[in-house]
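There are 2 protein chains.
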Amino acid sequence: MRILYHLPLSPFSRKVRLALTEKRIPFELRVERVWERRPEFLAMNPACTVPVLVEENGLVLAESYAICEYLDEAYPDVPLFGRTLSERAEVRRLLGWFDNHFGQQVYRNLLWERHMKRQLGHGNPDGAAIRAGYANLKTHMEVIGWLAERRTWLAGPHLSLADFAAAAHLSALDYANDIDWSLNTAARDWYSRVKSRPSFRTLLVDRVTGMEPPAHYADLDF
Amino acid sequence: MRILYHLPLSPFSRKVRLALTEKRIPFELRVERVWERRPEFLAMNPACTVPVLVEENGLVLAESYAICEYLDEAYPDVPLFGRTLSERAEVRRLLGWFDNHFGQQVYRNLLWERHMKRQLGHGNPDGAAIRAGYANLKTHMEVIGWLAERRTWLAGPHLSLADFAAAAHLSALDYANDIDWSLNTAARDWYSRVKSRPSFRTLLVDRVTGMEPPAHYADLDF
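Protein chains in written order, with full-length UniProt numbering: chain A, 1 to 222; chain B, 1 to 222.
Hints are computed from structural coordinates only; laboratory data are not their basis. There are no misleading hints in this set.
Restricting the straight-line Cα-Cα distance to at most 25 Å, the calculated cross-link-like pairs of lysine-lysine (DSS-like) are:
#, chain 1, residue 1, chain 2, residue 2
1, A, LYS117, B, LYS138
2, A, LYS138, B, LYS117
3, A, LYS138, A, LYS117
Not close to chain A: a few residues of chain B, all C-beta gaps over 10 Å, as computed:
#, residue
4, MET1
5, LYS23
6, HIS115
7, LYS117
8, PRO125
9, GLY156
10, PRO157
11, LEU173
12, ALA176
13, ALA186
14, SER192
15, ARG197
16, LEU204
17, ARG207
18, PHE222
Cβ atoms here follow ideal geometry from the backbone N, Cα and C, with glycine treated the same way.
Sequences and hints are given; from them, build the entire structure.
Below you can see the structure in the form of structure tokens.
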């Protein structure tokens with residue numbers, strides 16, 4: 001069986017889980033405590049990050065970008081990157097935006113600072129970073145709202161990996177109750193549509209030990 | 001004419017320049033002072049980062065990842081991502097490694113802290129970050145050396161974008177005289193081979209106002 005090594009609150013793992021499920025590719029989930037630096041895992045991915053996908057033929061894939069591009073090449077039936085060169089450029093521009101800019105400006109300042117840093121032995125949370133994270137999140141919600149008001153899905157007329165990358169980030173933050181959904185109606189309505197997809201269900205039932213999500217987290221009508 | 005907006009020391013711009021030249025795609029370079037936040041540039045790329053490529057048909061591409069994937073789809077004659085699914089996964093894993101991990105751990109701590117931060121109004125260089133940058137660079141040079149000792153090129157038997165991404169980062173650091181090439185012979189020999197390619201020439205003649213590269217920078221036999 002295909003195996004995906006992941007962490008429940010890793011937005012990059014969530015993105016790959018959504019891609020696999022949308023493409024109806026069966027897989028088994030294994031939690032990888034990356035901070036334990038397990039030698040067998042390091043041998044598969046020296047960067048020691050999740051997600052890592054191990055295919056049934058033994059092929060090991062690391063880095064969520066590489067995994068998602070591979071999935072679209074190996075299993076093209078449900079395309080997630082758009083159809084034309086121009087659509088694909090826009091999907092990938094937004095993937096860069098969410099995985100890099102949102103990742104650095106929001107995920108790292110909030111989820112990582114507040115919940116991962118101490119666990120990984122990198123010291124105490126930094127208040128200034130957390131404040132910057134909330135300020136950046138507000139701006140990013142406006143960007144998502146702006147896109148959602150003008151397009152059917154974030155990258156254009158088709159549902160794409162850009163929607164799943166953004167929703168993966170937001171869902172991880174939402175688990176930690178870091179999102180004020182009243183801030184942007186268009187962003188909330190778009191997220192509600194992505195969250196209602198069957199592929200989202202397994203994400204919403206995941207629980208992290210010692211950390212309960214808010215009541216609205218798994219509610220499709222939040 | 002196709003236009004690439006860039007900055008001379010941006011490793012992401014350098015990677016795209018190498019990809020374009022290896023594929024023999026003609027283009028014109030325009031320096032974009034991203035810190036000026038020019039409205040016309042923001043309209044093309046709200047992230048306000050270089051590189052941005054404007055195709056002859058008007059298609060605007062932002063994020064170096066999106067640009068490189070597009071170039072390989074639109075101009076497949078000189079493939080830069082490998083041939084098989086497994087080769088492509090390895091090229092992209094290393095792209096993730098250099099563009100994200102090396103980018104955050106080395107580029108951001110050295111070139112950005114020392115040369116860009118003040119210019120962009122983000123305060124003074126942080127000594128601890130710079131020390132961490134040099135320590136990380138040493139580890140990354142060992143990784144490059146390890147790969148170069150075991151493979152013809154970094155990702156395997158074929159020259160690929162992984163080589164150009166790594167060499168783009170190193171060449172930008174080398175311009176600032178941040179690399180001690182005596183540390184790792186295998187890494188130096190591999191870099192010497194990439195640096196000798198005709199596509200590297202325009203990078204090596206680039207000059208940044210007020211900042212002279214060391215004597216060995218453009219020397220192919222350093």
